[in-house]
Amino acid sequence: MNNLKLLSSLKLAVKSLRVGVISTILSGSVIATCVSAQELGWPEKEELKFGFIKLTDMAPLAVAYEKGYFEEEGLYVTLEAQANWKVLLDRVIDGQLDGAHMLAGQPIGATIGYGTKADIITAFSMDLNGNAITVSNDIWKEMKKHVPHEDGKPVHPISADSLKPVVDDFKSKGKAFKMGMVFPVSTHNYELRYWLAAGGIHPGFYAPHKGDTSGQIDADALLSVTPPPQMPSTMEAGTIHGYCVGEPWNQQAVFKGIGVPVVTDYEIWKNNPEKVFGVSKGWAEKYPNTHIRVVKAMIRAAMWLDENNNANRPEAVKILAKSQYVGADYEVIANSMTGTFEYEKGDKRDVPDFNVFFRYNATYPFYSDAIWYLTQMRRWGQISEPKPDSWYKDIAKQVYRPDIYAQAAKALIAEGKAKAVDFPEFVTETGFKPAQTHFIDNIVYDGSQPNAYLEKFAIGLKNDSKI
Amino acid sequence: MSKQQTVPMIFNHVRDISWPSLNQLLTATVLPIIGIVIFLGLWSLMAKNIDTSLGTFPGPAAVWQQTIVLVEEHNTQMDKASKFYDRQEQRNAARLAKDPNYKSKIRNFTGAPTFFEQIWTSLYTVMVGFIVASLLAIPLGILCGLSKNAYTAINPLIQLFKPVSPLAWLPLVTMVVSAVYVSSDPMFSKSFITSAVTVSLCCLWPTLINTAVGVSSIDKDLINVSKVLRLNGLSHVITIVLPSSIPAIFTGLRLSLGIGWMVLIAAEMLAQNPGLGKFVWDEFQNGSSESLARIMVAVLTIGVIGFGLDRLMLALQRKFSWDKSAVLR
Chain A
3 MNNLKLLSSL
13 KLAVKSLRVG
23 VISTILSGSV
33 IATCVSAQEL
43 GWPEKEELKF
53 GFIKLTDMAP
63 LAVAYEKGYF
73 EEEGLYVTLE
83 AQANWKVLLD
93 RVIDGQLDGA
103 HMLAGQPIGA
113 TIGYGTKADI
123 ITAFSMDLNG
133 NAITVSNDIW
143 KEMKKHVPHE
153 DGKPVHPISA
163 DSLKPVVDDF
173 KSKGKAFKMG
183 MVFPVSTHNY
193 ELRYWLAAGG
203 IHPGFYAPHK
213 GDTSGQIDAD
223 ALLSVTPPPQ
233 MPSTMEAGTI
243 HGYCVGEPWN
253 QQAVFKGIGV
263 PVVTDYEIWK
273 NNPEKVFGVS
283 KGWAEKYPNT
293 HIRVVKAMIR
303 AAMWLDENNN
313 ANRPEAVKIL
323 AKSQYVGADY
333 EVIANSMTGT
343 FEYEKGDKRD
353 VPDFNVFFRY
363 NATYPFYSDA
373 IWYLTQMRRW
383 GQISEPKPDS
393 WYKDIAKQVY
403 RPDIYAQAAK
413 ALIAEGKAKA
423 VDFPEFVTET
433 GFKPAQTHFI
443 DNIVYDGSQP
453 NAYLEKFAIG
463 LKNDSKI
Chain B
2 MSKQQTVPMI
12 FNHVRDISWP
22 SLNQLLTATV
32 LPIIGIVIFL
42 GLWSLMAKNI
52 DTSLGTFPGP
62 AAVWQQTIVL
72 VEEHNTQMDK
82 ASKFYDRQEQ
92 RNAARLAKDP
102 NYKSKIRNFT
112 GAPTFFEQIW
122 TSLYTVMVGF
132 IVASLLAIPL
142 GILCGLSKNA
152 YTAINPLIQL
162 FKPVSPLAWL
172 PLVTMVVSAV
182 YVSSDPMFSK
192 SFITSAVTVS
202 LCCLWPTLIN
212 TAVGVSSIDK
222 DLINVSKVLR
232 LNGLSHVITI
242 VLPSSIPAIF
252 TGLRLSLGIG
262 WMVLIAAEML
272 AQNPGLGKFV
282 WDEFQNGSSE
292 SLARIMVAVL
302 TIGVIGFGLD
312 RLMLALQRKF
322 SWDKSAVLR
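Each protein sequence line maps, in turn, to chains A and B.
Start counting the first sequence at 3; every next residue gets the next number (this note's numbering).
Start counting the second sequence at 2; every next residue gets the next number (this note's numbering).
Since the hints were made in silico from the structure, they are not lab data.
Hints are all accurate, no fakes.
Calculated pairs, DSSO-like style, for lysine-lysine (alpha carbon to alpha carbon, straight line, at most 27 Å): (1) A:LYS395 <-> A:LYS283; (2) A:LYS69 <-> B:LYS106; (3) A:LYS69 <-> B:LYS84; (4) B:LYS81 <-> A:LYS51; (5) B:LYS49 <-> A:LYS258; (6) A:LYS177 <-> A:LYS146.
Here are the simulated distance ranges between beta carbons: (7) B:ILE69 <-> A:PRO316: 20 to 30 Å; (8) B:LEU173 <-> A:VAL423: 47 to 57 Å; (9) B:VAL177 <-> A:LYS175: 39 to 49 Å; (10) B:PRO140 <-> A:GLN98: 28 to 38 Å.
Treat the numbers as computed from the prediction; the structure is a model and nothing was measured.
Yeah, the Cβ is synthetic: ideal placement off N, Cα and C, and Gly gets one too.
Starting from the given sequences, assemble the full structure and let the hints guide the process.
Here it is in structure tokens:
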């Protein structure tokens with residue numbers, strides 16, 4: 003009897019336990035949906051205008067528009083090409099644009115007040131890599147003599163060591179060696195400087211405290227600003243001897259037969275962060291739900307771009323070739339977007355990661371990425387005073403907003419539109435990538451120690467050095 | 002008047018109408034056609050021999066082909082727009098079902114403007130700028146024409162600002178417009194105001210000067226008549242001054258509109274304001290193999306529209322001018 007009683011009570015207990023478990027699961031999921039619905043309310047602003055520059059890495063914006071991802075978030079977005087990076091930034095600051103495709107250095111530069119001072123933040127990194135350095139045919143002819151060859155083809159990566167004799171020759175003849183980059187705080191400026199300095203060519207210092215923002219103090223190579231789409235024609239006109247720019251403007255030089263891309267930024271620093279989606283801080287505070295929804299749409303676009311091993315890239319190229327987006331010929335854009343890169347005419351090589359939009363957590367705004375840009379600003383004198391390590395971290399946390407990114411990603415996971423494994427572990431992610439080794443000069447970068455990193459460079463400011 | 006008299010009078014009139022001779026007809030139609038044919042021939046010949054880094058310079062055939070492409074692009078964009086509105090209605094309905102407080106509204110299509118929409122934007126902008134300029138310039142010109150003192154006071158300013166290029170004005174206008182024209186829900190976009198103001202600033206002067214000259218050279222007899230009749234100021238202007246200076250005013254307006262149209266294209270190009278100028282600049286930046294042909298389509302369109310605007314002003318001048326004997330070309 004007792005046994006029986008025990009058994010029945012046990013059964014009862016199990017039953018109630020089951021019910022309990024089910025009810026907790028149920029209520030839990032109800033709470034979860036409530037919470038996500040509460041977190042992600044309707045967008046406060048539905049009609050948005052985003053700016054971009056005609057470069058292939060604006061693709062997440064074009065794809066989010068054309069594939070209807072913006073509309074599915076209840077956003078009616080207009081995309082508008084801008085004349086140059088300065089106009090684009092100014093229009094985001096004065097509110098004519100709600101947000102824009104920006105150089106990673108722009109929100110950082112604006113926040114620390116280099117150039118126009120304004121609070122710009124980013125919660126979405128648009129891509130990795132995607133740039134290259136191109137020199138004119140004449141320079142390449144001279145450079146090629148110093149480049150090691152294998153089977154009649156130049157060995158990549160080509161370092162600036164082979165350019166140094168050419169620059170020295172220019173100097174001895176009293177001529178200026180000029181190169182173009184797209185903006186003083188652009189990735190291209192820092193990459194070009196990094197590559198030149200790694201080959202012993204001094205790219206020049208900035209001295210904003212003395213009113214000198216030309217960036218040509220002590221320079222062996224004079225760098226100046228040219229808007230990306232005008233790079234090929236400016237080099238063709240002989241105003242500059244080479245440039246560092248995003249696609250399709252390097253491949254354009256190959257197609258036009260006016261220059262030769264010598265090195266991609268993938269070879270200078272493997273998987274370097276490139277563009278971000280920037281908005282003003284005031285805008286983000288006023289329209290939080292809208293901001294999260296924009297990031298959601300752009301994460302989906304980035305996922306689509308990298309899906310199934312770049313399977314959607316040809317379709318993406320077709321979108322980008324439309325005249326309202328990048329507008330260059332399909333073949334030119336396809337050259338780099340579909341995982342290849344053409345150096346000299348006919349020397350087409352596989353670079354599957356030339357444009358990365360989603361894999362390797364490309365869209366997550368890492369603090370260490372922001373700090374790398376800050377170190378380069380310090381290295382070349384754009385930050386004229388020495389700063390403690392803590393300052394670098396504070397600025398990175400002001401500008402880069404993984405918290406907003408995480409909300410967008412979690413909403414996508416809850417809706418079943420993305421998988422949790424595709425994102426960093428949000429609870430444990432510190433925002434600092436482990437020490438990175440893949441630089442062309444083999445110098446290791448650890449984002450948690452910016453000042454120690456600056457010590458490692460032969461050319462550039464460090465510690466207390468000042469111009 | 003008797004019938005016998007009327008009939009010859011009518012015949013007299015008929016005889017007065019001079020029928021264009023066959024010879025004149027030939028010259029009027031055949032010569033322009035010959036001109037155009039020679040131009041097209043030279044163009045296609047030259048085009049083949051100009052190699053740019055964007056391929057050979059487009060000849061007439063390539064340009065015609067791009068014209069068709071632009072029309073097709075316009076049509077596909079219109080299809081996309083109608084689908085956009087359908088989707089929007091569905092989305093609004095879905096949201097209203099969930100969120101009854103939602104005030105749904107229909108937003109304009111967010112796609113890029115097509116070539117033809119750009120043409121319309123340019124035309125609209127130039128017309129607004131031109132009308133604003135005329136409303137300022139005609140009264141000011143009349144004042145200058147009537148009063149020697151006013152003319153002497155204003156003349157140095159006219160001479161100073163008349164030769165200023167629109168591109169010099171543009172940065173100033175842009176900054177002033179974005180500082181002054183602030184509203185949360187603006188009726189016109191800032192870019193539109195900037196372009197229109199720049200156009201106004203540049204096409205003010207020909208109308209102003211011509212009106213002043215026209216008013217100051219009114220026949221002395223007419224002025225004396227006005228004095229005899231003791232017309233007050235306003236009726237003097239309306240009945241004597243305006244009618245007699247109409248030919249001069251219209252000459253000024255025609256010049257102004259022509260300048261306005263040229264200025265607008267340059268301003269749109271530089272300031273990236275929507276319109277034909279932006280279309281040309283965008284295509285230049287794209288640097289695709291079709292870009293040059295598309296720019297050529299825009300160039301010809303700009304020319305045709307400029308010609309059309311001039312003819313329009315000419316027709317208006319003919320209608321309003323009392324001096325039908327004047328030779329207008």
